Amino acid sequence: MTRSSAPARSFTETRIRRGPSSWLLSSDTPRSWALSLILIVIVTCLAAAPFLFSGSQPLSTAAKICVFVLLVASYDLLLGYTGIVSFAHTMFFGIGGYGIAIALERLGPSWESVAVGLVAALALSAVLAAVIGLLSLRVRAIFFSMITLAVASAVAVLASQLSAITGGEDGLSFQLPAELRPAFRPFAEPILGLAINGRILAYYMIFITAAVLFLVLLRVVNSPFGRVLQAIRENEFRAEALGYRVVAYRTAASVISAMAATVAGALLALWLRYNGPDTTLSFSIMIDILLMVVIGGMGTLYGAIIGAALFVLAQSYLQVLMGAGSQTLSGIPILPDLVHPDRWLLWLGLLFIVSVYAFPGGIVGHLRKRGRSHELG
Amino acid sequence: MAKGIDEPLLRLEGVHTHIGPYHILHGVYCEVPNGELTMLLGRNGAGKTTMLRTIMGLWRASSGSIHFDGRDITALPSPDIARSGIAYVPEAMAIFSDLTVRENIVLAARNGPVHSSRLDWMFGLFPALKRFWNLPAGHLSGGQKQMLAIARAIAEPRRLLLVDEPTKGLAPVMIHSMIEAFRALKAAGETILLVEQNFHAASQLGDNVIVMDDGLIVHSGAMSDLVADKALQQRLLGLSLDSHQ
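Protein sequence lines correspond, in order, to chains A and B.
Position 116 of the first sequence, counting from 1, maps to 116 under the working numbering, and the rest follow consecutively.
Position 10 of the second sequence, counting from 1, maps to 1010 under the working numbering, and the rest follow consecutively.
It is possible that some hints are incorrect.
Distance ranges between label pairs, derived from CB positions [claimed, not checked]:
| no. | chain 1 | residue 1 | chain 2 | residue 2 | range |
| --- | --- | --- | --- | --- | --- |
| 1 | B | K1168 | A | Q161 | 32 to 40 Å |
| 2 | A | P224 | B | S1117 | 18 to 26 Å |
| 3 | B | H1026 | A | P224 | 37 to 45 Å |
| 4 | B | P1172 | A | L149 | 22 to 30 Å |
| 5 | B | W1133 | A | P360 | 26 to 34 Å |
| 6 | A | L149 | B | P1033 | 49 to 57 Å |
| 7 | B | P1113 | A | S22 | 15 to 23 Å |
The set of hints was computed from the structure by calculation and includes no laboratory data.
Quantities reported herein were computed from a predicted structural model and do not represent experimental measurements.
Every residue gets a Cβ at the ideal spot worked out from N, C-alpha and C, and that includes glycine.
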């Protein structure tokens, strides 16, 4: 039996069976009705945001959710699927933002500048991620985390200091290509009652890019490569004993993740028409990404959608809600002070603690577990 | 250099292994013949697991040499040792519990899809795997996990299987299934180096036996000789086969 002489033919049982519906999702369907429903609601709201909500803040919030879905999903590839704790993810996010900002500011507002900025940023991120990975993924996890923290801090300082190139603490404002400006009108007539302009085109560019890259990441984690990453996360020695080069796989995951984060940074810069250290490089963004991954559910890319949507919505509207609540409760002692808009971070923190306590596997992990126990009866 | 017919598949010569400040293997000399099942016996802490891990390169030999199929593999990284044709089944049901049974098997088949006849053969050895094919491996029982770990090692043709205490912690019925599976593997001509604490099980399976104590090989020879010599059993292992029946 050791060396079979029968003609080689593939056995379908070892391949993933794909129906047409699950092809798009790489056979990694939500596996829970409640989760499917939540995801459908979020994706539909994002897809139809310009038609559903009026005003610039809702559209900005929706664009930010799209960007963070991609950013958080790319971080989950590292943390949730490969078990790598990196603090340099915002560095790649920043490289994407600065790539676009510097190119558009220096070369002028054209699509060529966007392409040059994006390609340069992707190349720099890929090289940096590969170098950091090859040099430091051999060491123990905690040392790797410290190295990434040091590199990210150094890059943030560098971005602030090199003001001639990066605009320093003030950052860089730039103009977009004409097709993405608010004044651009691609259609003479409104569509579904909405006058389409360059701003809405920019939103859909962000939405479609984020959606496509999310699906690509879903394919990556559900590919044989992704299974090796999961095996490495669970036990790297066992994976090595099976013949897999752990450092090479981890480095490849870091590069893919860094490149996705770079695109997310580029998209945010294109939406804001600005990039600065606080927008993409700050450590608080790194903490936000970690919270979104944990709230959504580590090792479940769908968690990125839910985590990012919940977190960005809370960031954008919790203060407003609390302001309304504080006014409603005026006259009652203590309560208005407790829900004062200035204390929104306190409540966000409490929300995080409660969600981690109630859903240790994140929201997606919890819903999938519930779905599985229903299936098993 | 032409390899002789009687040349062992695996040969360790004066292998020393240190783990941190501890000197575990004190110059191991042993051979594993091709196409036979060699049992590696010894009390807890004798260095059996360290020897397997050193062969796989998971712990580095500090001196000595390890030759596999005539090639020096002492300094090779673990993935290269695995790719040279050695499969390792660690103790304690070493499967990837977050992956399904199918994914565990596919992961081990680095050279493409598992051959259908090989899969049928594996399902014949371990029928439970077919039943739970798409279930996360973490949901399997202890015995089923151990079966999966062994199935993973044989998902592709390998030259040598290193198996560390496959019956440890299993119920008697599972131990019986495991013995039957190894008997079938042996009949299929696999070369196996098997660590086992259960001398009764070992005596039923082994063609050869190696006994370790304090990081040294204290006996090697035919299993039948050890089974027949109760005084030797007492001296080497502190037991006799009779007491285990």
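In ascending order, which of the hints set out earlier in this document are inconsistent with the structure?
1 and 4
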